[in-house]
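Residues per chain, in single letters:
Number of protein chains: 2
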Amino acid sequence: MTSNENRISPLHGAGGEMMSRLLAEHVLPHFAASQVGRIGLSAMDDGATIALPTAGELVMTTDSHVVKPIFFPGGDIGKLAAAGTLNDLAVMGARPLALSLAVIIEEDFPISDIDRIVESFAHTLIGSQTPLICGDTKVMGRGEIDGIVINTTGLGIANPAISDAGAVPGDVIIVTGSMGDHGMALLAAREEFHLETELKSDVDSIWPMIRTILPIGGIHAMKDPTRGGLAAALNEMSGKSGTTIELTQSAIPIRDEVQALSDLLGISPLEVANEGKAVLIVDPALADQILETLQKHPLGRHAAIIGIVGTKFPGRVVMTTPVGGRRFLDMPLGDPVPRIC
Amino acid sequence: MTSNENRISPLHGAGGEMMSRLLAEHVLPHFAASQVGRIGLSAMDDGATIALPTAGELVMTTDSHVVKPIFFPGGDIGKLAAAGTLNDLAVMGARPLALSLAVIIEEDFPISDIDRIVESFAHTLIGSQTPLICGDTKVMGRGEIDGIVINTTGLGIANPAISDAGAVPGDVIIVTGSMGDHGMALLAAREEFHLETELKSDVDSIWPMIRTILPIGGIHAMKDPTRGGLAAALNEMSGKSGTTIELTQSAIPIRDEVQALSDLLGISPLEVANEGKAVLIVDPALADQILETLQKHPLGRHAAIIGIVGTKFPGRVVMTTPVGGRRFLDMPLGDPVPRIC
Numbered sequence: 005m006t007s008n009e010n011r012i013s014p015l016h017g018a019g020g021e022m023m024s025r026l027l028a029e030h031v032l033p034h035f036a037a038s039q040v041g042r043i044g045l046s047a048m049d050d051g052a053t054i055a056l057p058t059a060g061e062l063v064m065t066t067d068s069h070v071v072k073p074i075f076f077p078g079g080d081i082g083k084l085a086a087a088g089t090l091n092d093l094a095v096m097g098a099r100p101l102a103l104s105l106a107v108i109i110e111e112d113f114p115i116s117d118i119d120r121i122v123e124s125f126a127h128t129l130i131g132s133q134t135p136l137i138c139g140d141t142k143v144m145g146r147g148e149i150d151g152i153v154i155n156t157t158g159l160g161i162a163n164p165a166i167s168d169a170g171a172v173p174g175d176v177i178i179v180t181g182s183m184g185d186h187g188m189a190l191l192a193a194r195e196e197f198h199l200e201t202e203l204k205s206d207v208d209s210i211w212p213m214i215r216t217i218l219p220i221g222g223i224h225a226m227k228d229p230t231r232g233g234l235a236a237a238l239n240e241m242s243g244k245s246g247t248t249i250e251l252t253q254s255a256i257p258i259r260d261e262v263q264a265l266s267d268l269l270g271i272s273p274l275e276v277a278n279e280g281k282a283v284l285i286v287d288p289a290l291a292d293q294i295l296e297t298l299q300k301h302p303l304g305r306h307a308a309i310i311g312i313v314g315t316k317f318p319g320r321v322v323m324t325t326p327v328g329g330r331r332f333l334d335m336p337l338g339d340p341v342p343r344i345c
Numbered sequence: 005m006t007s008n009e010n011r012i013s014p015l016h017g018a019g020g021e022m023m024s025r026l027l028a029e030h031v032l033p034h035f036a037a038s039q040v041g042r043i044g045l046s047a048m049d050d051g052a053t054i055a056l057p058t059a060g061e062l063v064m065t066t067d068s069h070v071v072k073p074i075f076f077p078g079g080d081i082g083k084l085a086a087a088g089t090l091n092d093l094a095v096m097g098a099r100p101l102a103l104s105l106a107v108i109i110e111e112d113f114p115i116s117d118i119d120r121i122v123e124s125f126a127h128t129l130i131g132s133q134t135p136l137i138c139g140d141t142k143v144m145g146r147g148e149i150d151g152i153v154i155n156t157t158g159l160g161i162a163n164p165a166i167s168d169a170g171a172v173p174g175d176v177i178i179v180t181g182s183m184g185d186h187g188m189a190l191l192a193a194r195e196e197f198h199l200e201t202e203l204k205s206d207v208d209s210i211w212p213m214i215r216t217i218l219p220i221g222g223i224h225a226m227k228d229p230t231r232g233g234l235a236a237a238l239n240e241m242s243g244k245s246g247t248t249i250e251l252t253q254s255a256i257p258i259r260d261e262v263q264a265l266s267d268l269l270g271i272s273p274l275e276v277a278n279e280g281k282a283v284l285i286v287d288p289a290l291a292d293q294i295l296e297t298l299q300k301h302p303l304g305r306h307a308a309i310i311g312i313v314g315t316k317f318p319g320r321v322v323m324t325t326p327v328g329g330r331r332f333l334d335m336p337l338g339d340p341v342p343r344i345c
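So the sequence lines, in the order shown, correspond to chains A and B. The first sequence stops at residue 345 when you use my numbering, and every number in between is there. The second sequence stops at residue 345 when you use my numbering, and every number in between is there.
Simulated restraints on C-beta separations:
(1) B/Q293 / A/P73: 50 to 60 Å
(2) B/G329 / A/A28: 29 to 39 Å
(3) B/H127 / A/E123: 37 to 47 Å
(4) B/H127 / A/T58: 28 to 38 Å
(5) A/T58 / B/I220: 26 to 36 Å
(6) A/P173 / B/G145: 37 to 47 Å
(7) B/D112 / A/G319: 28 to 38 Å
(8) A/D119 / B/L199: 35 to 45 Å
(9) B/T216 / A/Q299: 50 to 60 Å
(10) B/L337 / A/E123: 19 to 29 Å
(11) A/G221 / B/G319: 53 to 63 Å
(12) B/T216 / A/P288: 55 to 65 Å
From the derived model, a few chain A residues whose C-beta atoms are all more than 10 Å from chain B:
(13) V31
(14) A36
(15) A193
(16) E200
(17) R215
(18) A264
(19) H301
(20) G314
Bear in mind the hints are in silico, worked out from the structure with no lab data behind them. Backbone N, C-alpha and C fix where the C-beta goes; we use that ideal spot for every residue, glycine too.
Chain A with its partners taken away, still in its complex shape:
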């Protein structure tokens, strides 16, 4: 068998000379400044070190990304892997300290695609001033893995961390922008649907926006509505706090093209993933200030108050429809779109 220098071979994941060269030529150059302790990424040691912060709580979060297709309108698996983990830290109120990057690649995967993905990943990290400090590369055979999957684990520091369980009756519910963009854009991009749309994923790191509201205080609960969408996020938040979340459907920002595709396919935009949004449950006295601050950031222009926290149906989400009816917005059984993130 002739090996093709432009494609991944099993030796690229085998811990030897070939792997070192792949990392040195295609990964490390993007992360030249990635060091937050004595031992950084470029040391290629068994791990990396981080100088101990002086105050706060450490926050750790992990996500594997299996999105399909790996390049999609508005982003790619590299941007998604960075944003997904940065956003999990952000909604915990945590400033990112460091990320890890572990990739599993299929044999014969184009190295040029690795370059695009790593560059996109690095760009997203740099935008949130976050170093990549450690990583891992594995290769599986043809047909053993579909292209590439990426795990990112993030470490952050919060003072204090914000859970998703802190809703209190009287609180106000805010979303930072339109719902359903990522899920619907992915769905439209799938080959099997042959849809031509202008839809773009909202995938982005929201930390630069979230950091502007943390000093205000008053955020009782926060979550990023990824898999299962807003419906899953709010059901978790009401369930954990034993409160009722009362939504006004017409207040929930949804792009016209997202709504149109939703209507066409019979899939609710409230049940599909977002990758650049947060839902916040906040002190009513500070809600306007938080909303206005969000709206000043490019990622939060369409932030809106979408409901309040009540007590009537503990652990449930109730939605008032545009014609004045009310219905429960239930926990989805699962996301209607597989491999969405």
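Model the placement of chain B on the given structure of chain A, informed by the hints.
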């Protein structure tokens, strides 16, 4: 299509009710005490918190595990995923603070196998008094992933961290036990070889052993010889320190059955992975004390001094053979056994 309750369905990875149930019934019960901060695994939040240690350096490490077969003589992918990351922390001199667990599972994978893997993972963590604090579950379709792959990321605290670059001429080289067990056991277990052997992987968490030698001091460099085996580990260690590593081949502990299979297949036991061993480069004045302390631990019974650090060939590893010849032990191009870990 009838869904089979005993197998993984796409909904188990979709962020909704089905995923919550899978985690609540098959994962969380194994990690009842997994909390090291205000927000632990059972909170099922976007991340988990860790109370800030008071002194030391944080150490972070990540590994994806794609081992095949997933159940092998001496262990399984669960034990490997736990030990692999605990060992990376251990060889950095870091006490494990917390691990994350991110699994990607193929549709129709048996839930009974998930149970075995999670139990084995949990058992290994408990043996090193390490909590699992956060996780992620994704499902890919049939033929999109070969069974199950697992990422574990570990966070530890070291005071100070030990790199793999600190060798100094005059130092003594110690391995904590026999070389090549994991790689050769895996190779023998592969269906295509139809080999019947007594070989078992050495996969285990070495933290309980490493913690006994850290108070002695004098460890200048440490590494776990996984992919690429002892040859890769020592070449990295000599290369980074610019020293020469001088080995006495007859001093390297290798099990008879490992050597026999190596001879049969023409694969060097020094180039295949170990998953329960460490190689240490230590101050000569403390070498005997470190060796004796290692030998007192069940995992270190066969620990041995295998060489010294010199200066003659900077960045190279030289080995004196049993008949008195000398040869370079080069960096392997890659591990001869794919999907070894």
